[in-house]
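S.K.: Next come the chains, spelled out residue by residue.
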Amino acid sequence: MNEENKQMSDRKQVDDIVIKFVGDSGDGIQLAGNIFADTLAHMNLDLATFPDFPAEVRAPRNTTFGVSGFQIHFSNKKVLTPGDEYDVLVCFNPASLKVNLKNVKEGGIIILDSANFTPRSLQTAGYTSNPLEDNSLEKYNVIKVPVSEIILNINSDLDKRTAEKTKNMFFLGLLYNMFDFDLKHAINYINNKFKSKSQIIEANLNSLEAGYRYSENIENFPKFYLSKCELLPGKYRDIQGNIATAWGLMAAAEKAGLQLFVGSYPITPATDILSELAKHRDLGVKTFQAEDEIAGITSAIGASFAGALAVTTTSGPGLSLKVEALGLAVMTELPLVIVDVQRAGPSTGMPTKSEQTDLYLAMFGRNGEAPIPIISATSPIDCFYAAFEAAKIALEHMTPVILLSEGYIGLGSGIFRIPKMTELPKINPPFADPNNKYYPYQRDEEWYVRKWAIPGTPGLQHRIGGLEKSDIYGAVTTDPKNHEKMVINREEKVKRIARKWPLQRITGPENPDLLVVSWGGTKGQVEGAVQNLSTKGYSISHTHFRYINPLPLNTHDILKSGKKVIVCELNRGQFANILKMNYQDITFYQYNKVQGQPFTIKELENAFLNLLNS
Amino acid sequence: MAKSINNTIPKSDIPLTPKDFESDQIIRWCPGCGDHMIVNSLKKVFAEIGYRKENYVVISGIGCSSRLPYYVNTYGFHGIHGRANAIATGAKIANPKLSIWVATGDGDSLAIGGNHFIHVVRRNLDMNIILFNNQIYGLTKGQYSPTSPLGTKTTTSPYGTIEHPFNTGELVLGAQGTFFARSLDILVDLTTDILFEAAKHDGTSIVEVFQNCVIFNDGAYSEITNKEKRDDNVLIVKHGEPMIFGKNNNKGLILNKFNLEVVTIGENGVTEDDILVHDAKNPSPFIHLMLAKMHHPWVFGVIRAVPQPTYDDLMEEQISMVKAKSNIKCMDDLLNSGDTWEVK
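Chains as they are written, first to last, in the numbering used here: chain D, 1 to 614; chain C, 1 to 344.
It is possible that part of the hints are untrue.
Pairs of lysine to aspartate or glutamate residues, derived as EDC-like cross-links and limited to a Cα-Cα distance of at most 20 Å, are as follows [claimed, not checked]:
#1 D:K426 <-> C:D24
#2 D:K420 <-> D:E254
#3 D:K536 <-> D:E446
#4 C:K329 <-> D:D282
#5 C:K323 <-> D:E605
#6 D:K12 <-> D:D159
#7 D:K420 <-> C:D24
#8 C:K200 <-> C:D279
#9 C:K53 <-> C:E22
#10 D:K495 <-> D:E423
#11 D:K195 <-> C:E22
#12 D:K437 <-> C:D24
Here are some chain C residues the structure puts well away from chain D; computed CB gaps all over 10 Å [claimed, not checked]:
#13 N40
#14 E54
#15 D189
#16 P242
Everything labelled a hint here was simulated from the structure, so no lab data went into it.
If you're wondering where the values come from, they're calculated on a predicted model, not measured in any experiment.
From the three backbone atoms N, C-alpha and C, an ideal C-beta is built for every residue, glycine too.
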């Protein structure tokens, strides 16, 4: 038997696994998750991740509200979502078991730190009896490893605090053996991460390797094997949604040949976009951490007036503060990208949890008639392309554009097939010609777009601002007919952008019994649920909206094609109501969830089955 | 006056005159309003500084003062209430080749835009802010402002205000301002000189102009502008010159322990040599603060002008420094940087 066959023979082949690391927020859960995801990527497996952490930076230990999680779904087939239920739960303490047990598959594996199931930590977690002793876990394959004790023994030369911080590495070691991953990927990651801190590197590697070896001595330790994924040929990297957003904006600036200016105020879960952009002074990016959200957007408007690709990034409460300035951007018809990484609201809400509840705000939240195009990103990778496209539309159509992302996709990551810059479309802003007389509100007939005259260009001096201006000439006026004309011009300009959108597509049969509608970051779950039911023989199709305002030109035809239509979204029906407003001849059913959590494929399937069978 | 100034901003090849900056808009300020005098000073200064016409940008918020961009033929942006300084910040960072001028008022910059005001001062962007202080909300027809003296009766304070006013200079110095000057609308030449000094200053220049609102707050500065009292109530300071004022040019300031004191030359053995010489470049703000807060006399002129690195220069320096060290020269480099792998 050659080496490979031997390996396969004592390992069970699997195609699709969901793992979740759970523990205290100081346990290094996110780091363990990132190392594991990085290795998966190197193994040519497709993956999606979802970090799930508390709003508190360091919550009290062993409490259920302080539980931090990192979920990874990997497969040798295409991965649509970070997964509903876990095949493997890696559990650092009783509190995290308590919170996550309900989502472990029946028969699933639970690896836990048995040395941490002390009477005290059981009590702070709210357990009245020890789950390791009361048979409550008998439906699962529980692997008890006294990690906290072992760690102290093997790192006895270190102080207790430093040694304890390597628990995550020990767990990783166990998992690398479970899935037959080469430790070298993790070793490289650790070496890069801690660079010159040799003592920390040594302790981490020590625990990592100890975990790997230890698993060899566990009786009936489950071992798996995955064949490689058939990804399209090309160069790949893994990337987080927020980073992809930042890169998409930078790519657009390069493509347009413009200075990128970012005026933002830190806010969860959008801050990573600002900090990523702040790193890239090497590409000339100018980030400005403003004194507040209002200065974030108004500085961006000033930068846009001065000729930059201007961006402001935020999350719901921040968007609320920017509302007045959105109107100014509409009125001055300047290019501007507003990125809203939505989180659970209202008010401060649940900052680290995800929702799709800012759609009304993006769509209607302004005084006056003030239409703004809206694009929604559909996955962590799509954040790159959606940000690029938002910038392209803003620049070419002289309008603010709102890019709706979500905490769920902004913080999640996926495998990114690296594009070449030459493959991305050109961006051609409508610069005013200094050789012609300039009229600030003269529009081209096809797109209703005015020209952009950049300060510093001789002969194009002009004044714009928040006051209503006369058509073509741009003088301050309160003329009634002129105002109406300008309102309609601005409306028409945004409406015509629909001609640039690709037509809305439908996946599945053309006239299904049930047409499922979704938008934004729920694409993966909805696609998964529809696929599952269609393989079971149901007549079900899916149409996913990326362009929210204006809606694609064929939207009505698509929606009419289903015998029944259901709109699924993580709010109380905001998109459904926008569709109802526009297409009153169609009956829309709704599936809504506002729990700060993504859909599960299972709940969607149930909702669809109810309709299909009624 | 020395021709200027900022080497980043391109100079005009031909000499300019105030006429070059005349706009075709009808000025809509009330007749007799102090704002007319300010805009005239500004046009003179633009011509004198000599940057290319197209490199001037005038930005404003909301209020009477904020109509100013329409009345000068440059690039102009009329923003929303309170945000002029933030808009200007973005414009300057994005394009340092622009000479940025903000027209704002006591409501715009000290009330609704107070936060942006203190932060722009702190950051020391190279731009010039003209703050028209009329101690009233004019455009909304006469409500008290953050600079209205305690007890001011207005439509929203019919029994008199019960809040203490801001002193603009004190606020600027508290926010680590590097340039603060004060003028009076009727002192057109002084305003022109100060605006020129502001343009020369590397950093955020705050020029407060006491401006009379003839309709809603007429006479707010009569104590100062009153012809008979004016000379005894106004001290115009110049860097390097003794602080002497008065009808007979015989009053002056001395430092008595920790306070400024008005003395008369020739009385009690005081000679001109005893009078304090104004040092606008002194990094310590203490005497500047006392000057800004004085009421008898009121102090005008450039009170503080201390050069300090500007935000926009530091931004450009940081970009060149990081660029020089980084291997990432374009987006393709970035996309392919770090951990990547090939699928064949």
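S.K.: Each hint: holds or not?
M.R.: Consistency of the hints with the structure:
no.: 1; hint: D:K426 <-> C:D24; result: violated, 39 Å
no.: 2; hint: D:K420 <-> D:E254; result: holds, 13 Å
no.: 3; hint: D:K536 <-> D:E446; result: violated, 48 Å
no.: 4; hint: C:K329 <-> D:D282; result: holds, 7 Å
no.: 5; hint: C:K323 <-> D:E605; result: violated, 52 Å
no.: 6; hint: D:K12 <-> D:D159; result: violated, 40 Å
no.: 7; hint: D:K420 <-> C:D24; result: violated, 50 Å
no.: 8; hint: C:K200 <-> C:D279; result: holds, 17 Å
no.: 9; hint: C:K53 <-> C:E22; result: holds, 11 Å
no.: 10; hint: D:K495 <-> D:E423; result: violated, 28 Å
no.: 11; hint: D:K195 <-> C:E22; result: violated, 62 Å
no.: 12; hint: D:K437 <-> C:D24; result: holds, 15 Å
no.: 13; hint: N40; result: holds, 18 Å
no.: 14; hint: E54; result: violated, 5 Å
no.: 15; hint: D189; result: holds, 27 Å
no.: 16; hint: P242; result: holds, 40 Å
Hints 1, 3, 5, 6, 7, 10, 11 and 14, counting from the list given before, are not met by this structure.
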